[in-house]
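J.: Keeping their order, the protein sequence lines are chains A and B. Read in this note's numbering, the first sequence has 1183 at position 313, and its numbers run on one by one without any break. Read in this note's numbering, the second sequence has 465 at position 213, and its numbers run on one by one without any break.
These are computed hints drawn from the structure, not numbers from a lab. Please note: incorrect hints may appear among the correct ones.
[Unchecked claim] Pair ranges (Cβ atoms, derived): (1) A:E1090 - B:K268: 34 to 40 Å; (2) B:D357 - A:D988: 50 to 56 Å; (3) B:K268 - A:G1048: 48 to 54 Å; (4) A:A1180 - B:E462: 54 to 60 Å; (5) A:D988 - B:T276: 27 to 33 Å; (6) A:G955 - B:P451: 48 to 54 Å.
Using N, Cα and C, we set each Cβ at its ideal position, and we do this for glycine too.
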Amino acid sequence: MAILIYAEHQNGKPNKTAKELASYASAFAARTGDQVIALGFGLTEPEELYRYGVHKVLNVEDPRFADFNARAYAEAFRQAADATGASLILTGQTADALYFTPLLAGLLQSAYVTQVIDLPESVEPFTVKRKAFSNKAIAHVVLKTPVKILNLAKNSFGLRENAVEGTVETFAPQVDDGVFEDIKRVKVEKASGKVPLSDAEIIVSGGRGLKGPENWGMIEELAEVLGAATACSKPVADMGWRPHSEHVGQTGKQVAPNLYIAIGISGAIQHLAGVNSSKNILVINIDPEAPFFKAADYGVVGDAFEVVPALIEKLKKFKLNS
Amino acid sequence: MKILLMLSVVPDTTSKINFTDDGTRFDKTGIQFVINPHDEFGLTKAMQIKEKTGAELHVVHVGPKENESVIRKTLAIGADKAFRIDADPRDSYYTAAQLAEFLKDKDYDLIIAGRESIDYNGSMVHGIVSALTGIRFINAVIGLELEGDKVLVDREIEGGKETLETRLPLIIGGQKGLVKEEELRIPNMRGIMMARRKPLEVLPPVEAPELTEYVKFEKPPAKGSVKLIDKDNLDELIDLLHNEAKVI
Ligand SMILES: Cc1cc2nc3c(=O)[nH]c(=O)nc-3n(C[C@H](O)[C@H](O)[C@H](O)COP(=O)(O)OP(=O)(O)OC[C@H]3O[C@@H](n4cnc5c(N)ncnc54)[C@H](O)[C@@H]3O)c2cc1C
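Here chain A stands alone, though its shape is the one from the complex (with noise of 0.2 Å):
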């Protein structure tokens, strides 16, 4: 039996969430004795997965697929899990894989589920912990059909080496041109430069207690002192002081950092609902009541104007003799 996962990568090198992916099924396959297979559209570092634990990687060169659509790499991993006769796959938190895999879950009638945040607790009965009500509670679910697909919660398992012996092979799905054809990508806009706010190992969010968009200085020179992404909370998105692909909670992203800055935001229970799974909170305060210090593993009451600058200034000493 196998395991297929989505090798999503960057520039044709796997990206964090394929290794995470990777780890995932590797230490579920030490139980089930599964083959980890690998499928990814246009991977040119797909070495990379071994390390991880990936047996086999396919790898699909048609330059019809370089271009994500969801209807084509549905398709594809259709006609890699039958050829594979896998029996459980595997996607992660990214926009792409959570616009084509439920049109994968369509296809094969396959049980699936999102926003799981650890390795199946049984096999038979097939149960795993998810997220539920944005992060307010965690359910446990049966999956009942034969092959299973699930999507792993961003940063909920981890990278975790386990470097095996792979190999590379050439995987051609058959996919009619019409469907490239039926939804055609025009246009691409990416941020450039900046850590984008998926992958970020830390994150630094303002609220509306920076009091405007001419206050963000120092937001962005701390985010960048740390390698960190920026984002912010809902009002501020709103009133326009930030872009909206900035805007992280209930209703806007969902994150998972390593560590999650909250600057002159309150705490509302819509803004921890996107990020109270990250995995270290430091929130930075005016107000000892605000309600993010419960929230919180770290705190510190002040006035952001006063301790943002002077956090900076530490870190970049900390950062020089480090």
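Could you slot chain B with the ligand onto chain A? The hints should help.
T.: Chain B with the ligand only, in chain A's frame:
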């Protein structure tokens, strides 16, 4: 032109989430149910298209009778007609199969859902409907423009957005950005009065398998208490982040 909103009804975002029967069931006591926030953006977008083109707007919801007051809200905001499929949407595949069956003899041009529902956060019903019906689908939609036969759709991607060109009929998973926050509609008195006379048809469910089963719920472990660091002692903070949390 005909538009359909696939409505999800969810607990209000401020709800305290509890479970009963030994953690096997979501406790609805005291919970106020609302239009799923992601669907609200789609509903407003649908109203804007309706006002511009004279499109007809229908709403379909899979759920129990008690959700009808929320369905009425969509009629009060301006939808013309609603359908409720009388079933418990416990499993995404089962729910999608009900919607796919509903769509079989219909001819909607644009079918709008939310990116995910904020209760089960499955992010999948609309995608499965696409697979079951063959109607093309775009997820995480933050902009949509109709130009005759052509549709231009902005989709959120990692670190940015892309513009896709396609045609109708189309299913979208909408989210914030589809319309501006301040454009969101709420029912007014006249709308509420009119909604009472608008048709809300109840349909029986069809046979369909449930592919998953929720066996137990629990609350996430509570956070330990926060470590407060004096603002004049930021070296301690850096030390904790470095040596204890190991994040810098
Ligand atoms: C349906 C719905 C969905 C929502 N979804 C989201 C969501 O996804 N994400 C989200 O963020 N919100 C969401 N909200 C809004 C949420 O309820 C809060 O209104 C919002 O998070 C508050 O943003 P804030 O913390 O930036 O502002 P405020 O609540 O105004 O908090 C500002 C904070 O800054 C502090 N402060 C002020 N001055 C200083 C200073 N000089 N130094 C340090 N601290 C200072 C204050 O003590 C205060 O705690 C949603 C609301 C609803 C109804």
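J.: So, against the hints stated earlier in the document, which numbers end up violated here?
T.: 2 and 5
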